[in-house]
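Asks: Each chain, letter by letter, is given below.
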Amino acid sequence: MELTTSIWPLVAVLVSLAASVPIMLSDKQPNLREFWTLLAAVIKVAIVVSLLPGVLAGGGYVFTLAEVIPGVPIEFRVDAFGIIFALIASFLWMLTSLYSIGYMRALEEHAQTRYFASFAVAISATIGVAFAANLLTMYLFYEMLSLSTYPLVTHEQNAEAKSSGRKYLTYILGTSIGLALPAMLVVYALTGTLDFTVGGILADKASPTALGVLLVLFLFGFAKAGIMPFHGWLPAAMVAPTPVSSFLHGVAVVKAGVFSILRILFHIIGPDQLAEADIGWIVTTLASVTLLVASLIALTQDNLKRRLAYSTVGQLSYMVLGAGMVSAIGMTGGIMHIGMHAFGKITLFFCAGAIYVAAGKKYISQMDGLGKQMPITFGAFLLGALSIIGLPPLGGFISKWKLVLGAVDGGQLTLLAVLLVSSLLNAAYFLPIVYRAFFVEPPEGAVNGIREAPLFCLVPICLTAFGSLVLFFYHDTFLRLARLALGLGG
Amino acid sequence: MENLTAEILAKYNYWIYVILMMVGFYAMIGKRNLVKKLIGMNIFQTAIILFFISTGAKAGGKIPILNKYEVLEHGVNVNSIVNPLPHVLMLTAIVVGVSVTGVALAVLVRIYRKYGTLEEDEILQKIEDEKG
Amino acid sequence: MNSNLHMYILAAPLLTAFFLGIFSRKSRSLLAPCVLGSLALSSILSIVVLRNVLEIGPISYTVGAWLPPWGIELLVDPLSGLMLLLISVVALVASFAALPWVRKELGDREHLFFILYLILVAGLMGLVLTADAFNLYVLLEITSITTYGLIAMGRGRAPLSSFNYIIMGSIGASFYLLGVGYLYLLTGTLNMADIAQFLPELQGTIALGTAMAFILIGLWVKMAFFPLHGWLPMAYSQAPNGAGVMIAPLMTKVTVYLMLRLMFSFIAPGFAMYETDLQSVIVWAAAIGIICASALALGQRDLKRMLTYIIVAEVGYMVGGAWLINEPGITGTVLHIVNDALMTLCLMLAAVAIAYRTGGLKFENLTNLYKKMPLTMAAFTVGAFAMIGVPPTCGFFSKWYLILGGVEAGQWGYVVALVFSSLVNAVLFFRIIEYAYFGKGGEEHGHESIERNEAPAMILGPLLLAAAGLIIVGLSNGPLVENLIKLAIPASFLG
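Protein chains in written order, with the numbering used here: chain A, 1 to 490; chain B, 1 to 132; chain C, 1 to 495.
Check each hint, because a few of them may be wrong.
[Claimed, not checked] Listed next, the in silico PhoX-like pairs over lysine-lysine satisfying Cα-Cα at most 25 Å (straight line):
#	chain 1	residue 1	chain 2	residue 2
1	C	Lys104	C	Lys26
2	A	Lys162	C	Lys371
3	C	Lys372	A	Lys28
Bear in mind the hints are in silico, worked out from the structure with no lab data behind them.
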C-alpha cells in the first residue's frame, strides 16, 4: 500500500471537534449554532469523500501527530477498512444533524447547546477510531467517544438518565480500562509495536493459549460491540434523545466497538493466527449466542426503542461472527454488514423518533393504525426492517448473503443454521409492528389529529431508507474496500 | 552463653540506646497524652544522638582540641582523639530536634486553648460532641 | 563542571522569606510581588539550569568551598534538574491560587504563611539538590517543620492533625537518621557518591541491610506509603487551602524522588539485595497499598479527603514501579512523579476553586456545578480523566509504563492493582461529575436558570493552565521520556 503523508485525515478528525467551540459560543443563537454543526458535517463528508479515490486506487494517507511512546505514535492512517467506517459515520452524521434540528426543536428540549457540542465531539472521536493507525490511537479515541457520549445519554437529567449513565460508563469504561488496556499492554510487551498491519503483528509472538486469552480480553474489552454478557448498557442508553440512539447507538458508538474488534482480529491478531491457533470458535460461539439471545429478548420488548436496541445487539454480532469465520467471503460479509446495518437501523430509529415527535408514542402496543396517519414514516420503517432482516432488494441482503456463503464455504453448518434462525427471528420482531400500524384498527379516537413529523425529520428518514435500497444495487465500492481491507486485492 | 553476655556487655552503650529508643517509641505510639508523646519523641531523638556520638568514640580517645604547631610538625595521631564529625552533625540534629519540639509545643498550646485538655481521647470526644 | 547557578534557584525563595519576615509586616503590598517574583525567578533559572545540564552534564557546587566528601555538595543532574523545574513551576502556579485563599482564611497573618511557604519551597529544592546524606536529613526536617506550621494554621482540628503529623514525621526522620548513622559507621563518609564507592564490598551484609531498612522505612513514613499513611489524609485535608495546593502535589513526590535517588546511589541492580525476595515483597506491599488506599478513597464523602487517599494510592504506584527495577518500571516512576504532581495540582486547584464559591467540598455541595462554574469543572474533568488514565492526558502514559513494567517483571499483582485503582478512580470521579452535572436530588429539568459564578481569576487562571498542562505534557510524552527521563536514570537501570 502506497502511503502519502497528508494532513487531511487529521483535519477530518478535528473539524467537528473544532466546531464544538463556536457551537458553545453560539448558545443564544440557535440558528447560527445549527449552522456550525451543518457546516462541520458537510466539510467532514467532503474531506472523507475526497480521500476515497486514493484509497480505492490501492493507496492510503498517513499523518503522525506525536510520538508518545517509543514505536507507538499518535498517528492517523486512512486505509480501506477505516474509510468504510468514516464514510458511513460522516454521511449519516450529516443526516442526523438535520434530523436532530427537527427533533430537538419540535420537542423543545433543554440544553440543546450541550447536546450539539457533545455530538460534535463524539463524531470527531468516531472518525478518530476509523482513521487510527495503531491500537493506542484507536484506544485514545475510543475512550474519547465513551466520555463524550455520557452527557448525551444522561441528557434528560432525571433519575432514570442518571442510572443509565452510570450503567453506560460502568460497562464501557470498566471493560476498556479493565480488559482492553491490559491486553493492549501485553501485545506491546510481546511485539514492541501496536501498528495495524494486514495479517496481524502477533505471528510467532504468542502461544495459542496466550492468543486465546488476548482474544477474549479484546472481545469483551471493546464492550461497545455489545457482545453478551457486556451488552446491558445499550438498552439502558435508550433513555437518550432519539437522534442519539439512532446515530450513536445505532451507528457510531456500537460500530466503533465492532470496528475495533474487527481491527484487532484482522490487523493485530491476524486471520492466519486465528485459524492456526484454532481460536476462531471463541468468536463465532460468543457471537452466535449473542445474536440468538438478543433476537429472542427483542421479541419480548414493547418499548420500540428497546426492541431496536436488542436488535442492534444481535446485528452487531453478525459482523463479529463474519470476522470469526476465517473465510474470506465471511469476513467480507462481516465488514459490509457494518454499512448495511447502519443505513437500515438508523432509518428504524429515525422512524421511532418521528413517531414520538408526531404522536408522542413510545410503545409498540399503542401504534395500532398509525400507518394511515404517517404513511411515509411507516413505509420507511418497512424498508429499514426488510434490510435488517436481509431480504432483497435491500442492502442487508448483500451482507447477509455473503455471511451465509461464508458459513457454507467453511463448512460450518451450525453457523448457517444460526444465521437462518436469526433472520426468521428478525422478521418476527419487526414485521408485526408494520402490520399493526397498517392493518389493525386503532382504538376509538387514538389517532385523531396525528400528522407526519416535521420536514427536518422526514427528509433524513427518506434519504436513509432510500440509501438502504440503493446499497443493494450499488455496493461495488463497499465490496472493493472490504476486499482491500482484508488484503485480498480490489 | 558466656560469649553472648560478653558481647552484650562489650557494647553496653548501644544496648542502652536501644532501650531508650524503645521507651521513646512506646511513648510516641502508646501514650494518649499529647505532651507525653512529645516527651517520647525527645527521648527517641536523644537515643539516636547518643548513638551517633558513640560512633565517634575511641578507647583512650581525647577531645579533638589540638596544638596547631605540634600538628604541623608531627601530624595527627588519629587514634588519640575522638572523631569530631559525629559531634558536629549531632549539633545540627539537636538544633533540628529543638525546632521540632518548639513547633510541637506551639501547636500543643493551640490545641489546649481550643479544647482545654491535652488528652487525645477527651479531644476526640469533644470533636465528636461538636459534630453531634 | 562547577557552577553556582542552581544555588540561586534555592536562594531566591529562601532570601525572599527572610526579606518578607523583616518588611512585610509593615507593607502588605510587597507580599504578592515578592512571592510570585522569587518563584518566577526560580522557575526561569530552573529552565536554564536544566538546559545546561542536558548540554554539558551534571553540575556540582560545594557550599563554602569545603570540598566533598567533607563539605556539602549540591549536585544537579538531569533527574534533579527535572525535579527543580517541577517544584518551582508547581509552587509558582500554586501560589497564585494561594494568595486569594490565604487572604480569605488567615487575614492579617498572611505574611507569616508565605514566609513558611517560601522556606518550604526552598527546602524541597534543597532536598533534590543535596548530595550529602546528612544534609538531606536536615532539609527533610526543614520541609517537615514548615509543613507542620502551615498545616497547623488551618481551621478546626488542623492543630491536632498537625501534631499527629509531627509525631509520625519525627519517627520517619529519626529512622532515616538512624540508617544514615549505620551507613556512616560502615563507610566513614556521608557524601552519597562517596558512600556508593564503598558499597559493592558491603553487599549482603546485615549491617547494610539494616541501614537500608531504616532509611527506607523512614522515607516511607514521610511519603505516606500504605500502611504508614495514617497521618496524611487528616493533615492534608485540614491544611489551609492555600497550603494544600502546594503541599499535596509536591511533598510526597519529592520524597519518592529521594527514595529513587538513594536507590540509584546505593543499590545498583544485580547487588545481593535484589536476589532475595525483598523486591517482590515491596512490590506486593505497594499493590496491596494501592488497592486498600483506593478502597478507602471510595468511603469518603468530601472531595479533598478523597483526593488525599488518592495521593496515598499514587504513592503506591511509584514505590511499586521503582521496585520493579526494570526500565519501563523506573521510567514510569519518574514520569509519574512529574505527572502525578501536575494532576494533583490541577485537582487541588479545582477543589479550592470550588470551595471558594461553594464554601464546602462535601459531595452534597457540588450539585449543578457544571452550570455554576463551567470553566472550573472543565478543568476538573480534565484532571479527573488524567487520574483515571484516559489518553491523551499525561496520567495515561505513566500508567502505561508502570503496567508495562509490571508485565515485563511478571508482577501480575501489581498490574491488577493498577488496573483496579484506575477503575476505582473512574468511579470516584464520575460520582463527583454526576453530582456536579445533576441538580439536587438528581432531578433537574434544566429550564430554570442557574447563575454563573466562576472562581476569581487568580485561582481560575492557574487551574486552566494546569489542565492544559496535563494534555500538553501527555502529548509531548515521547520527547520527554526520550530526551530527559532516559538521561535521568543511571545506565545500569536501563535495559
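Asks: State for each hint whether it applies.
Replies: Hint-by-hint comparison with the structure:
Annotation: proposed proximity of Lys104 (chain C) to Lys26 (chain C) holds, straight-line Cα distance about 19 Å (limit 25 Å). A distance of roughly 17 Å separates the Cα atoms of Lys162 (chain A) and Lys371 (chain C); the hinted pair therefore holds under the 25 Å criterion. Restraint check: the Cα-Cα separation between Lys372 (chain C) and Lys28 (chain A) comes to about 17 Å, which is no more than 25 Å; the hinted pair holds.
Checked against the numbered hints listed earlier, the structure breaks none of them; every hint is satisfied.
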